[in-house]
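Enquirer: The residues making up each chain are set out below.
Number of protein chains: 2
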Amino acid sequence: MDKKALLSLSCGMYVVGCSLNGKRNALIANTVFQLASKQPLVGVSISKDVFSHEVIAKSGYFSVSVLDSDAPMDFIKRLGFDSGIASDKTLGLCTAELSGVIVFLDHACACLAAKVIKLVDCQTHTLFIGEVLDAKLLTDGKALTYTAYRDNKGATPRFSPTFNVEPLQPLGKG
Amino acid sequence: MDKKALLSLSCGMYVVGCSLNGKRNALIANTVFQLASKQPLVGVSISKDVFSHEVIAKSGYFSVSVLDSDAPMDFIKRLGFDSGIASDKTLGLCTAELSGVIVFLDHACACLAAKVIKLVDCQTHTLFIGEVLDAKLLTDGKALTYTAYRDNKGATPRFSPTFNVEPLQPLGKG
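Here the protein sequences line up with chains L and X, keeping their order. According to numbering that gives the first Met the number 0, the first sequence is numbered sequentially starting from 0. According to numbering that gives the first Met the number 0, the second sequence is numbered sequentially starting from 0.
Source of the hints: derived by calculation from the structure; they are not laboratory data. Accuracy of the hints is not assured; some may be wrong.
What the hints assert, rightly or not - Below, in silico cross-link-like pairs of lysine-lysine (DSS-like), each with a Cα-Cα straight-line distance of 27 Å or less:
| no. | chain 1 | residue 1 | chain 2 | residue 2 |
| --- | --- | --- | --- | --- |
| 1 | L | Lys3 | X | Lys37 |
| 2 | X | Lys3 | L | Lys117 |
| 3 | X | Lys37 | L | Lys2 |
| 4 | L | Lys3 | L | Lys22 |
| 5 | X | Lys152 | X | Lys141 |
| 6 | L | Lys47 | X | Lys114 |
| 7 | L | Lys114 | L | Lys57 |
| 8 | X | Lys22 | X | Lys152 |
| 9 | X | Lys37 | X | Lys3 |
| 10 | L | Lys152 | X | Lys135 |
Quick caveat: nothing in here was measured; it's all calculated off a predicted structure.
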């Protein structure tokens, strides 16, 4: 199998936000997608080894902020490669509530809030399927694609569902 | 809810292939994504109302061909807006077998074959989760994105999981 072929599957770059008992967290995800449209459903695949997995599973809610094509690499690295367990990596970030769910606004062109309705075991990852509670366009910016991020020498954390080739950086444990 | 915000979720354009008892079928999908990487898993969300749904559910296998950025609109329309129930819309198309699964090669830059390991009910759609049996790069072409397709006035069939706004064409029942 040529795992590089799997990189041909197009995806975007997102901040997935969540909170539990007043502690908030965010991670960078590229595997966010719409599953149904009549009553919109979205899915996000998250490694069982990262902190956000526990927070989303226990709280039952998550948000997705679509990163703008001009989102700085440092911002992505900060949320994508540091863990939120020991310290609050979201300190100082701009947030809002959408249907009661914390949403991260920095460098986002659109966002949505979702209520988890199903957890699907995908071996190393869990696919969280959420009913979209609300969705908003924030700017008229263009969404950052995973391809553009990689073309800009962005690395893929070991915990990403699309970790198919050698990483440029060691890990991400959001 | 502003459903247009959901269009900010990046996706690609794919031919999903399948066959049952010698009858083959293909449809255009944009909701194909990788869910896990160690043993690669992919998901594809397909309307319960289209013919391919029945074929994939009964056969337990599907293929994904990643459309190249120069794939002609007529080709996409043919596979995306006609149904394969009454006639064979794949007649004359170039195919191959990958791990025993039929794969459509026209205008594809990469492909994969998958065995269904889980069906997840998503109301109007079923998410088929497949273990990737094999994956191949076919050309060094760039993958067509859903955004580029729409920018080229490509329509979204009513049965798509991302049918969030008015269609330019009435339906697709692949």
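Enquirer: Next, verify each hint and record whether it holds.
Expert: Cross-check of the supplied hints:
1. Lys3(L) x Lys37(X): Holds, at about 13 Å.
2. Lys3(X) x Lys117(L): Given that 27 Å is the threshold and the Cα spacing comes to 24 Å, the pair holds.
3. Lys37(X) x Lys2(L): 10 Å, holds
4. Lys3(L) x Lys22(L): 37 Å, violated
5. Lys152(X) x Lys141(X): 19 Å, holds
6. Lys47(L) x Lys114(X): Satisfied, since the Cα-Cα distance of roughly 23 Å is no more than 27 Å.
7. Lys114(L) x Lys57(L): 12 Å, holds
8. Lys22(X) x Lys152(X): Roughly 32 Å between the alpha carbons, so the hint for lysine 22(X) and lysine 152(X) is violated.
9. Lys37(X) x Lys3(X): Given pair lysine 37(X), lysine 3(X) is violated - Cα atoms ~34 Å apart, limit 27 Å.
10. Lys152(L) x Lys135(X): OK: lysine 152(L) and lysine 135(X) at ~23 Å, within 27 Å.
When each numbered hint is compared with the structure, violations occur for hints 4, 8, 9.
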